[in-house]
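There are 2 protein chains.
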Amino acid sequence: MEQVLESGSVRALGKSARLAARALARADTAAKNRALEAMAGQIRSGSKQILAANGIDLAQARKQGCDAAFIDRLTLTPALVEQMAQGVEQVAGLPDPVGAISERVRRPSGIEVAKMRVPIGVIAIIYESRPNVTADAAALCVKSGNACILRGGSEALESNRAIAECVRAGLKLAGLPQAAVQLLASADRAAVGELITMTEYVDILVPRGGKELIERLARESRIPMIKHLDGVCHVYIDDSADPEMAVRIADNAKTQRYGTCNTMETLLVAQGIAPRVLPEIGRVFRDKQVEMRGDDATRSLVPGIRQATEDDYYTEWLAPVVSIRVVKGLDEAIEHIAKYGSQHTDAIVAGDAARAERFLREVDSSSVMWNASTRFADGYEYGLGAEIGISTDRLHVRGPVGLEGLTTQKYVVLGHGEIRT
Amino acid sequence: MEQVLESGSVRALGKSARLAARALARADTAAKNRALEAMAGQIRSGSKQILAANGIDLAQARKQGCDAAFIDRLTLTPALVEQMAQGVEQVAGLPDPVGAISERVRRPSGIEVAKMRVPIGVIAIIYESRPNVTADAAALCVKSGNACILRGGSEALESNRAIAECVRAGLKLAGLPQAAVQLLASADRAAVGELITMTEYVDILVPRGGKELIERLARESRIPMIKHLDGVCHVYIDDSADPEMAVRIADNAKTQRYGTCNTMETLLVAQGIAPRVLPEIGRVFRDKQVEMRGDDATRSLVPGIRQATEDDYYTEWLAPVVSIRVVKGLDEAIEHIAKYGSQHTDAIVAGDAARAERFLREVDSSSVMWNASTRFADGYEYGLGAEIGISTDRLHVRGPVGLEGLTTQKYVVLGHGEIRT
Numbered sequence: 064m065e066q067v068l069e070s071g072s073v074r075a076l077g078k079s080a081r082l083a084a085r086a087l088a089r090a091d092t093a094a095k096n097r098a099l100e101a102m103a104g105q106i107r108s109g110s111k112q113i114l115a116a117n118g119i120d121l122a123q124a125r126k127q128g129c130d131a132a133f134i135d136r137l138t139l140t141p142a143l144v145e146q147m148a149q150g151v152e153q154v155a156g157l158p159d160p161v162g163a164i165s166e167r168v169r170r171p172s173g174i175e176v177a178k179m180r181v182p183i184g185v186i187a188i189i190y191e192s193r194p195n196v197t198a199d200a201a202a203l204c205v206k207s208g209n210a211c212i213l214r215g216g217s218e219a220l221e222s223n224r225a226i227a228e229c230v231r232a233g234l235k236l237a238g239l240p241q242a243a244v245q246l247l248a249s250a251d252r253a254a255v256g257e258l259i260t261m262t263e264y265v266d267i268l269v270p271r272g273g274k275e276l277i278e279r280l281a282r283e284s285r286i287p288m289i290k291h292l293d294g295v296c297h298v299y300i301d302d303s304a305d306p307e308m309a310v311r312i313a314d315n316a317k318t319q320r321y322g323t324c325n326t327m328e329t330l331l332v333a334q335g336i337a338p339r340v341l342p343e344i345g346r347v348f349r350d351k352q353v354e355m356r357g358d359d360a361t362r363s364l365v366p367g368i369r370q371a372t373e374d375d376y377y378t379e380w381l382a383p384v385v386s387i388r389v390v391k392g393l394d395e396a397i398e399h400i401a402k403y404g405s406q407h408t409d410a411i412v413a414g415d416a417a418r419a420e421r422f423l424r425e426v427d428s429s430s431v432m433w434n435a436s437t438r439f440a441d442g443y444e445y446g447l448g449a450e451i452g453i454s455t456d457r458l459h460v461r462g463p464v465g466l467e468g469l470t471t472q473k474y475v476v477l478g479h480g481e482i483r484t
Numbered sequence: 064m065e066q067v068l069e070s071g072s073v074r075a076l077g078k079s080a081r082l083a084a085r086a087l088a089r090a091d092t093a094a095k096n097r098a099l100e101a102m103a104g105q106i107r108s109g110s111k112q113i114l115a116a117n118g119i120d121l122a123q124a125r126k127q128g129c130d131a132a133f134i135d136r137l138t139l140t141p142a143l144v145e146q147m148a149q150g151v152e153q154v155a156g157l158p159d160p161v162g163a164i165s166e167r168v169r170r171p172s173g174i175e176v177a178k179m180r181v182p183i184g185v186i187a188i189i190y191e192s193r194p195n196v197t198a199d200a201a202a203l204c205v206k207s208g209n210a211c212i213l214r215g216g217s218e219a220l221e222s223n224r225a226i227a228e229c230v231r232a233g234l235k236l237a238g239l240p241q242a243a244v245q246l247l248a249s250a251d252r253a254a255v256g257e258l259i260t261m262t263e264y265v266d267i268l269v270p271r272g273g274k275e276l277i278e279r280l281a282r283e284s285r286i287p288m289i290k291h292l293d294g295v296c297h298v299y300i301d302d303s304a305d306p307e308m309a310v311r312i313a314d315n316a317k318t319q320r321y322g323t324c325n326t327m328e329t330l331l332v333a334q335g336i337a338p339r340v341l342p343e344i345g346r347v348f349r350d351k352q353v354e355m356r357g358d359d360a361t362r363s364l365v366p367g368i369r370q371a372t373e374d375d376y377y378t379e380w381l382a383p384v385v386s387i388r389v390v391k392g393l394d395e396a397i398e399h400i401a402k403y404g405s406q407h408t409d410a411i412v413a414g415d416a417a418r419a420e421r422f423l424r425e426v427d428s429s430s431v432m433w434n435a436s437t438r439f440a441d442g443y444e445y446g447l448g449a450e451i452g453i454s455t456d457r458l459h460v461r462g463p464v465g466l467e468g469l470t471t472q473k474y475v476v477l478g479h480g481e482i483r484t
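For the record, the sequence lines run as chains D and P. Residue numbers for the first sequence follow our numbering, beginning at 64 and rising by one. Residue numbers for the second sequence follow our numbering, beginning at 64 and rising by one.
Each hint should be verified, as a subset may be incorrect.
Restraint ranges, calculated between C-beta atoms of paired labels, are given here [said to hold, decoys possible]:
| # | chain 1 | residue 1 | chain 2 | residue 2 | range |
| --- | --- | --- | --- | --- | --- |
| 1 | D | T92 | P | K78 | 43 to 53 Å |
| 2 | D | T92 | P | G392 | 18 to 28 Å |
| 3 | D | L381 | P | G392 | 54 to 64 Å |
Derived from the structure by calculation, the hints contain no laboratory data. C-beta: ideal position from N, C-alpha, C; glycine also.
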């Protein structure tokens with residue numbers, strides 16, 4: 064393995080990734096699927112080595128006094144290794160976006176113009192503790208015809224190394240270049256600095272981790288990024304909503320899981336319907352021990368809850384806490400979301416189609432929903448098959464990013480000898 | 064007009080553009096077209112003022128000793144002002160990409176998932192001398208629902224101011240916010256520095272100008288860019304080509320216009336067909352006084368021409384000069400293009416469909432062509448109606464960029480009360 068321990072050779076790694084990317088872009092679907100199947104096989108047969116390597120990382124993490132949640136994310140089990148292998152096989156089963164031709168038109172000059180979907184090139188993925196990302200990300204990149212450079216957290220170094228070994232063995236078995244998946248296995252911060260500024264070798268950066276990581280990369284990198292910042296998601300209950308549906312969606316959007324980016328953080332309720340839904344929502348949240356913070360109108364309907372501050376409405380709780388506000392109606396809801404939201408996922412519950420359409424059109428978020436829980440904003444739920452993350456950027460993809468998000472399009476012109484006059 | 068003469072208020076300008084962008088994103092097609100028609104009307108009725116302002120710029124440029132080509136690009140005439148107005152009207156006639164719904168699918172959970180095309184937001188356009196860009200760029204941004212901040216060359220300041228005045232008067236007549244089109248009318252370099260780093264107010268940067276400008280922006284900006292760097296375009300003549308077609312395309316790709324980015328700069332010829340096409344191509348280029356620079360094999364077929372250097376193959380001539388090389392066949396042609404090309408536009412002339420398909424798939428350029436002249440790589444020829452430029456980036460658009468390239472997509476979810484389980 065071309066593991067790199069000095070930042071000086073990060074460029075060499077980039078160069079070989081660039082070469083491998085060309086080979087992978089040329090590879091047909093069958094070859095890429097063979098590689099994915101072989102990768103899954105190698106992960107299964109290498110399970111012992113992966114778990115042993117994980118043991119070394121875990122011992123080190125415990126020695127350093129890492130907390131239980133951290134240890135939990137880092138821990139691999141035989142079942143998790145099997146899941147990893149199955150994940151790679153699932154990617155093999157997904158349709159290959161590369162080579163798809165669309166928007167084909169014949170022009171007055173006689174030429175036919177179309178778009179062809181092509182890989183992006185070299186993708187650098189920078190992630191934190193969970194070692195399964197090594198297999199997941201590599202599989203998505205291989206299937207979409209991209210080379211990747213993986214940089215996992217230093218605390219998972221041995222686990223990532225063992226998994227990457229299996230991935231690369233799989234590539235080799237399928238006759239694809241091993242340099243298509245490379246692990247930047249340096250503990251050196253400068254190596255990351257080099258990686259995120261090598262514009263000639265890295266086409267796109269996918270950070271998966273905490274806000275601090277992402278803000279650092281956004282500040283220091285010169286490479287386009289598919290990134291995920293905040294998920295301050297809203298549910299707005301319109302006057303025209305079915306009250307029972309409104310309660311069900313507000314409940315699910317907040318309480319189905321607390322720590323996910325598509326969880327509702329703020330509930331907006333139109334004043335006309337507030338007396339009919341807020342007391343019931345208050346009961347549901349109280350039963351589930353969700354702390355509510357509301358404005359005066361909310362507090363008059365749900366007594367005993369805390370006053371919401373201005374800051375609360377900007378907050379991504381990621382916890383059993385919810386901000387609530389009573390608004391005049393649709394316009395004020397849209398204004399609130401524009402001001403306090405993070406352009407992630409926002410939903411309206413409404414019976415009135417015209418109002419729902421205005422919400423869908425005017426709320427500028429990566430996912431906008433009508434009569435559905437924000438928790439659906441997810442690559443699997445949307446049918447992408449797998450996702451590398453959810454983009455809160457506007458370019459080049461928004462929302463859940465699957466295989467297609469890891470590709471771009473080029474123009475293809477089919478002529479018959481036409482020249483321009 | 065909120066013209067800004069101190070860099071300190073560039074942010075204020077960004078803030079008002081951001082607000083205007085929301086209004087423009089909400090505007091329907093009829094309102095945007097009314098604004099475009101009104102803009103065209105204002106340009107026509109303001110022709111005298113525009114020409115007078117242009118006269119001031121021209122006098123200044125002559126005083127500063129600018130060269131004839133520069134003066135030519137800067138000069139407006141009544142006919143050019145009329146063309147500008149017509150250009151704006153043509154944009155009114157183009158289909159509106161905003162709001163289009165695609166890829167609608169029903170998922171097993173019951174929700175329907177689709178993508179909706181939406182404006183990008185605020186676009187900053189930085190351009191050099193030609194004042195017509197002020198009207199063209201504003202029209203494309205308004206039609207695609209984006210606010211824009213225009214920063215023209217300081218030598219065209221008075222012309223740009225007069226044109227922007229008409230554009231903004233048109234917006235006002237149609238009831239759209241004037242802040243949707245703003246001119247950064249400061250001669251201060253620091254103002255541009257501020258503009259290209261205001262990530263919260265500017266979503267995308269479109270530089271239109273020389274390489275020096277674009278490299279400066281790429282270095283200093285933190286904002287995604289639609290940019291155009293080099294156009295080192297190739298035509299490869301395969302063994303299987305029709306010789307007559309090969310000569311016609313090579314001739315047209317090089318000589319139809321010398322100074323454009325999609326002009327052929329290097330001709331690659333398979334060795335099997337070289338004796339049948341190169342002597343004739345040599346005659347054509349000699350007749351048109353195109354300087355040829357070739358490798359040894361080329362020089363043995365076209366005697367008397369200069370030896371091509373390694374550097375020549377990297378060169379975008381933009382002039383009556385062409386580099387020529389004889390290659391073994393398709394593989395060597397693809398390798399050459401990968402090494403020396405600029406991923407702009409490359410064409411194969413071939414009768415063999417399998418080889419053409421390999422070329423189309425494996426050459427990684429924004430436009431790849433089969434049996435057509437590279438000169439077709441153009442928004443009008445592709446049917447985009449108008450273009451803001453040709454992107455040599457991979458993200459978020461490649462090749463000619465029209466209205467659709469100035470938009471992005473968001474996910475829209477239509478539910479019936481579904482919650483996630």
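Quick rundown of the hints versus the structure:
1. T92(D) x K78(P): 43 to 53 Å: 48 Å, holds
2. T92(D) x G392(P): 18 to 28 Å: 26 Å, holds
3. L381(D) x G392(P): 54 to 64 Å: Hint holds: Cβ distance 58 Å, inside 54 to 64 Å.
When each numbered hint is compared with the structure, no violation occurs for any of them.
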